[in-house]
Structures are given as structure tokens and as C-alpha cells.
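In the order they appear, the protein sequences are chains A and B. Letter by letter, the first sequence follows residues 0 to 172 in numbering that gives the first Met the number 0. Letter by letter, the second sequence follows residues 0 to 172 in numbering that gives the first Met the number 0.
Hints are supplied without guarantee of correctness; some may be wrong.
[What the hints assert, rightly or not] Between beta-carbon pairs, the in silico distance windows are:
hint	chain 1	residue 1	chain 2	residue 2	range
1	A	T21	B	S154	43 to 51 Å
2	A	E133	B	S154	50 to 58 Å
3	A	D138	B	E22	33 to 41 Å
[As the list claims (entries may be wrong)] Dumping the calculated SDA-like pairs for lysine to any residue here, alpha-carbon to alpha-carbon at most 20 Å:
hint	chain 1	residue 1	chain 2	residue 2
4	B	K44	A	D166
5	A	K44	B	E170
6	A	K44	B	S70
7	A	K162	B	P6
8	B	K44	A	A141
9	A	K87	B	S70
10	A	K44	B	N46
11	A	K87	B	L167
12	A	K162	B	K162
13	B	K162	A	A141
14	A	K44	B	K44
15	B	K87	A	R161
16	B	K44	A	Q156
17	B	K162	A	L167
18	A	K44	B	G71
19	A	K87	B	K44
20	B	K162	A	S88
21	A	K87	B	Q93
22	B	K87	A	Y91
23	A	K162	B	S70
24	A	K162	B	D28
25	B	K87	A	L167
26	A	K162	B	M90
27	B	K44	A	E35
28	B	K44	A	S72
29	B	K87	B	L137
30	B	K44	A	E128
31	A	K162	B	K44
32	A	K44	B	R69
33	B	K44	A	E170
34	A	K44	B	S136
35	B	K87	A	E170
36	A	K162	B	N45
37	B	K87	A	S72
38	A	K87	B	P163
39	A	K44	B	K87
40	B	K87	A	E128
No lab work stands behind these hints: they were computed from the structure. From a predicted model like this one, the values you see are computed outputs, not experimental measurements. Backbone N, C-alpha and C define an ideal beta-carbon position, used for all residues, glycine too.
Protein chains: 2
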Amino acid sequence: MPELDNPVLHAIRERRSVRRYTEEPVSADEVRAMLEAARWAPSGKNNQPWRFLAIMGGDARQQALAELTRSGSAVQAAKALIVVALDKSAMYHQIKDHQSCGAAMQNILLAAHSLGLGAVWLGEIVSRERQVFEALSLDPDAYELAAVAAIGRPSRQGSGQRKPLADLLIEPL
Amino acid sequence: MPELDNPVLHAIRERRSVRRYTEEPVSADEVRAMLEAARWAPSGKNNQPWRFLAIMGGDARQQALAELTRSGSAVQAAKALIVVALDKSAMYHQIKDHQSCGAAMQNILLAAHSLGLGAVWLGEIVSRERQVFEALSLDPDAYELAAVAAIGRPSRQGSGQRKPLADLLIEPL
Chain A
0 MPELDNPVLH AIRERRSVRR YTEEPVSADE VRAMLEAARW APSGKNNQPW RFLAIMGGDA
60 RQQALAELTR SGSAVQAAKA LIVVALDKSA MYHQIKDHQS CGAAMQNILL AAHSLGLGAV
120 WLGEIVSRER QVFEALSLDP DAYELAAVAA IGRPSRQGSG QRKPLADLLI EPL
Chain B
0 MPELDNPVLH AIRERRSVRR YTEEPVSADE VRAMLEAARW APSGKNNQPW RFLAIMGGDA
60 RQQALAELTR SGSAVQAAKA LIVVALDKSA MYHQIKDHQS CGAAMQNILL AAHSLGLGAV
120 WLGEIVSRER QVFEALSLDP DAYELAAVAA IGRPSRQGSG QRKPLADLLI EPL
């Protein structure tokens with residue numbers, strides 16, 4: 000049996016949510032590399048409904064966002080934030096468009112990991128969409144908030160675990 | 000400036016939806032490798048709401064699914080199908096749980112690509128959830144259909160394109 004492993008499977012398996020970061024900055028080129036990865040995600044009808052707002056460390060909007068989530072310490076410590084929003088004029092199906100944003104976010108997280116960065120997908124902040132959009136001067140008639148990623152250089156690796164595959168299979172394989 | 004490239008970014012950029020497959024089978028070990036990738040996706044509260052049903056080529060359920068989608072030719076030609084469903088008892092937020100399934104699906108698609116396979120994410124079939132669940136003997140009170148992946152060895156590569164990054168940025172980076 001051939002060994003079913005390669006750098007992509009390895010990255011997928013090793014990536015974890017990282018919420019603690021060093022003081023070292025994240026560069027605009029690194030953020031662009033993550034967004035380049037995001038844009039190659041698949042979407043229904045290839046509608047690419049995602050829009051991105053990158054906030055570099057130290058931007059005044061970082062502190063405003065930190066105050067809107069229980070993950071404030073990760074947002075404050077992050078050296079870059081990526082806000083993923085749906086362009087309402089590009090959407091065709093709310094659930095499927097959010098699924099696509101999940102695929103784009105996974106590309107961002109894998110890209111971060113592959114670059115030696117650490118990131119965490121913040122979902123709880125989405126419940127404060129109105130306040131987030133006010134803090135970012137985003138038009139709620141134009142966008143729907145999907146998620147936010149906080150990114151930095153890991154000062155502590157994540158340690159999240161997963162259920163065994165057998166528990167996830169509807170029938171044995 | 001360091002070159003911001005690596006095998007993970009390369010795979011993310013090169014992966015496309017593949018709808019045409021050779022007659023060569025996909026092995027159960029390859030499907031397990033894709034599902035191993037899926038289970039490492041992130042989810043809100045780490046609730047891991049995804050459940051998977053793998054259908055190997057030739058299974059009678061393959062033809063039943065083919066008749067339920069406009070992508071019937073891809074489903075018929077596929078050498079494996081992965082049905083991604085949400086376990087209703089594990090869900091905590093419909094939109095976020097579907098986002099997580101999007102991340103898990105992206106892991107499946109990237110894993111397939113990394114193994115030399117080709118895959119396509121089928122979303123249209125979700126509108127026929129009732130008939131899909133009947134064909135698969137799945138309890139609609141227990142599961143919510145998220146997506147289906149069709150997988151095989153590419154006989155023709157996909158060629159989907161994407162908007163330039165500049166068109167996706169809410170403000171310049």
C-alpha cells in the first residue's frame with residue numbers, strides 16, 4: 000500500500016487554531032498570500048461572493064474589534080486581521096454562500112500555517128455584525144459578515160483535538 | 000522579499016473542480032485519507048458537526064444520486080462519492096455549522112488534489128434533500144444535508160477562473 004501522505008495532508012492535519020502571538024509583525028505580502036489562497040476557494044456557480052478587509056496590526060480598528068468579542072485578547076495580540084464578508088449583490092443562496100466562505104477561510108488558515116503563521120477563525124463576533132460594521136464603516140445593506148481571522152506568529156501552538164474518524168462515519172468504510 | 004510559495008499554497012492555487020474521470024478506481028484508503036483531512040477542519044466551539052457517508056463506485060446508491068442532480072454525469076462517472084451531512088444533535092448555529100462543513104469540504108477537495116485525484120463539490124443536489132435522504136436511507140430528523148463530493152482520477156482537468164484579488168478587497172492592501 001502506498002503511503003498516503005504529502006505536504007498538503009500534513010498541513011491539514013497539523014494546523015490548529017492559534018490564539019497567542021509574538022510581537023513580530025505580519026507583512027502585507029503575507030496577508031496578500033493568504034488572500035490569494037482565499038480567492039481560489041470553490042463557490043456555488045463560481046459566484047465568489049467573498050470580500051475581504053485586511054486590518055494590519057496597530058490600525059485603530061483592531062482595538063474597536065477587540066472590544067466586540069470574547070476573543071478580544073487574540074484580536075488585540077494579532078498582527079493582522081482578515082474580515083470575510085459576503086457581497087450581498089453576489090450572493091445566490093445564503094447557506095451555500097456561507098459554506099463557500101468557510102472554504103475560503105480554510106484556505107486562509109492553511110495558507111497561514113504553511114507560512115509559519117498561526118491563525119484563529121473567530122465566529123462569535125458575527126453575532127455583533129451591526130457593531131462590527133459600524134466600527135469598520137461597512138454598509139450593512141451591501142455586506143453580510145461571515146467571519147474574522149486573527150493572525151500572528153505563534154507564541155503558543157494550538158492543541159485542539161478531534162473525534163476519531165469512526166465516530167464521524169454514517170456507515171463503516 | 001522572500002518567495003511566498005510552498006506546496007500548500009501551490010495546491011490551493013492549482014486545485015480546480017474536476018467533473019470528468021477515468022475508469023481507474025479510487026481506493027478505500029484514498030477515501031479514508033480525504034476523510035481524515037476533513038475531520039481536521041475547524042468548527043465553532045469545536046463541535047465537529049459533520050458526518051460522512053462514503054459511497055464507492057458501483058454502489059447502487061450512486062445511480063440513485065445521479066438521477067437527483069443536473070450533475071448526474073459527474074456522479075455517474077465518479078469512482079467515489081462523499082456525502083457531507085450535519086448531525087442535528089451536534090449543531091449549534093445553522094450558518095456557522097454550514098461554514099464549518101465548507102471548511103471540511105475544502106479539506107476533502109485539497110486532499111483529493113494532493114493525491115492526484117480530481118473532485119467536484121456538488122451543491123445543487125442539496126435542494127433535493129428529501130429524495131437524497133430517501134435514496135440513502137438517512138433519517139431527516141437526524142441529519143441535514145450539506146454537500147456531496149464526486150471524486151475520481153481526472154480525465155480532463157478543470158479550468159475554472161477567479162476574479163483578481165483587487166476586485167475582492169474592500170479597501171486596498
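Hint check:
Under the hint 43 to 51 Å, the C-beta atoms of A/T21 and B/S154, about 47 Å apart, fit the expected range. At about 51 Å, the CB distance of A/E133 to B/S154 agrees with the hint of 50 to 58 Å. A hinted range of 33 to 41 Å is violated for the C-beta pair A/D138 and B/E22, which are about 52 Å apart. Distance check on the hinted pair: B/K44 and A/D166 sit about 18 Å apart at the alpha-carbon level, within 20 Å; holds.
Between A/K44 and B/E170 the CA atoms are separated by roughly 25 Å; this puts the pair beyond 20 Å, and the hint is violated. In summary, the hint linking A/K44 to B/S70 is supported, as the alpha carbons are separated by about 12 Å, within the 20 Å threshold. Between A/K162 and B/P6, the direct Cα distance comes to roughly 27 Å. Violation of the 20 Å bound is thereby established for this hinted pair. Between B/K44 and A/A141, the direct Cα distance comes to roughly 29 Å. Violation of the 20 Å bound is thereby established for this hinted pair.
Distance restraint check for A/K87 and B/S70: the Cα-Cα separation of roughly 26 Å exceeds the 20 Å cut-off, and the hinted pair is therefore not satisfied. A hinted pair counts as satisfied when its Cα atoms are at most 20 Å apart, and A/K44 with B/N46 does not qualify at roughly 29 Å. A C-alpha spacing of about 13 Å is found between A/K87 and B/L167, which places the hinted pair at or below 20 Å, so the restraint holds. Between A/K162 and B/K162, the direct Cα distance comes to roughly 37 Å. Violation of the 20 Å bound is thereby established for this hinted pair.
Among the hinted pairs, B/K162 with A/A141 is consistent with the structure: their alpha-carbon atoms are about 19 Å apart, no more than 20 Å. Distance hint between A/K44 and B/K44 is unfulfilled; the C-alpha atoms sit about 30 Å from each other, more than 20 Å. Proposed proximity of B/K87 and A/R161 is supported: the alpha carbons are some 18 Å apart, at most 20 Å. This hinted pair checks out: B/K44 and A/Q156 have alpha carbons roughly 18 Å apart, not beyond 20 Å.
Taking the CA atoms of B/K162 and A/L167, the gap is near 35 Å; set against the 20 Å cutoff, the hint is violated. Among the hinted pairs, A/K44 with B/G71 is consistent with the structure: their alpha-carbon atoms are about 16 Å apart, no more than 20 Å. Simply put, A/K87 and B/K44 have alpha-carbon atoms about 27 Å apart, too far for the 20 Å limit, and the pair is violated. For the hint linking B/K162 to A/S88, the alpha-carbon distance of about 15 Å falls within 20 Å, and the restraint holds.
At roughly 19 Å between alpha-carbon atoms, A/K87 and B/Q93 fall within 20 Å of each other, so this suggested pair holds. Distance restraint check for B/K87 and A/Y91: the Cα-Cα separation of roughly 24 Å exceeds the 20 Å cut-off, and the hinted pair is therefore not satisfied. For the given pair, A/K162 sits about 32 Å from B/S70 by alpha-carbon distance, which is inconsistent with the 20 Å threshold. Taken as a hint, the A/K162 and B/D28 pair is honoured in the structure, with Cα atoms around 19 Å apart against an allowance of 20 Å.
Distance check on the hinted pair: B/K87 and A/L167 sit about 13 Å apart at the alpha-carbon level, within 20 Å; holds. Using a Cα cut-off of 20 Å, the hinted pair A/K162 and B/M90 holds, with the two alpha carbons roughly 15 Å apart. For the proposed pair B/K44 and A/E35, the alpha carbon gap of about 27 Å is over 20 Å, so the pair is violated. For the given pair, B/K44 sits about 17 Å from A/S72 by alpha-carbon distance, which is consistent with the 20 Å threshold.
Taking the CA atoms of B/K87 and B/L137, the gap is about 12 Å. The hint holds against a cut of 20 Å. A distance of roughly 19 Å separates the Cα atoms of B/K44 and A/E128; the hinted pair therefore holds under the 20 Å criterion. Distance check on the hinted pair: A/K162 and B/K44 sit about 13 Å apart at the alpha-carbon level, within 20 Å; holds. For a cut-off of 20 Å, the pair hint linking A/K44 to B/R69 stands: about 13 Å separates their Cα positions.
At roughly 25 Å between alpha-carbon atoms, B/K44 and A/E170 are farther apart than 20 Å, so this suggested pair is violated. Among the hinted pairs, A/K44 with B/S136 is inconsistent with the structure: their alpha-carbon atoms are about 29 Å apart, more than 20 Å. For the suggested pair B/K87 and A/E170, the alpha carbons sit about 17 Å apart, so the restraint of at most 20 Å is met. Among the hinted pairs, A/K162 with B/N45 is consistent with the structure: their alpha-carbon atoms are about 10 Å apart, no more than 20 Å.
Distance restraint check for B/K87 and A/S72: the Cα-Cα separation of roughly 32 Å exceeds the 20 Å cut-off, and the hinted pair is therefore not satisfied. A threshold of 20 Å between alpha carbons decides the hint, and for A/K87 with B/P163 the separation of about 19 Å falls inside it, so the pair holds. Restraint check: the Cα-Cα separation between A/K44 and B/K87 comes to about 27 Å, which exceeds 20 Å; the hinted pair is violated. For the hint pairing B/K87 with A/E128, the CA-to-CA distance comes to about 25 Å; that exceeds 20 Å, so the pair is violated.
Of the numbered hints given earlier, the model fails hints 3, 5, 7, 8, 9, 10, 12, 14, 17, 19, 22, 23, 27, 33, 34, 37, 39 and 40; all others are met.
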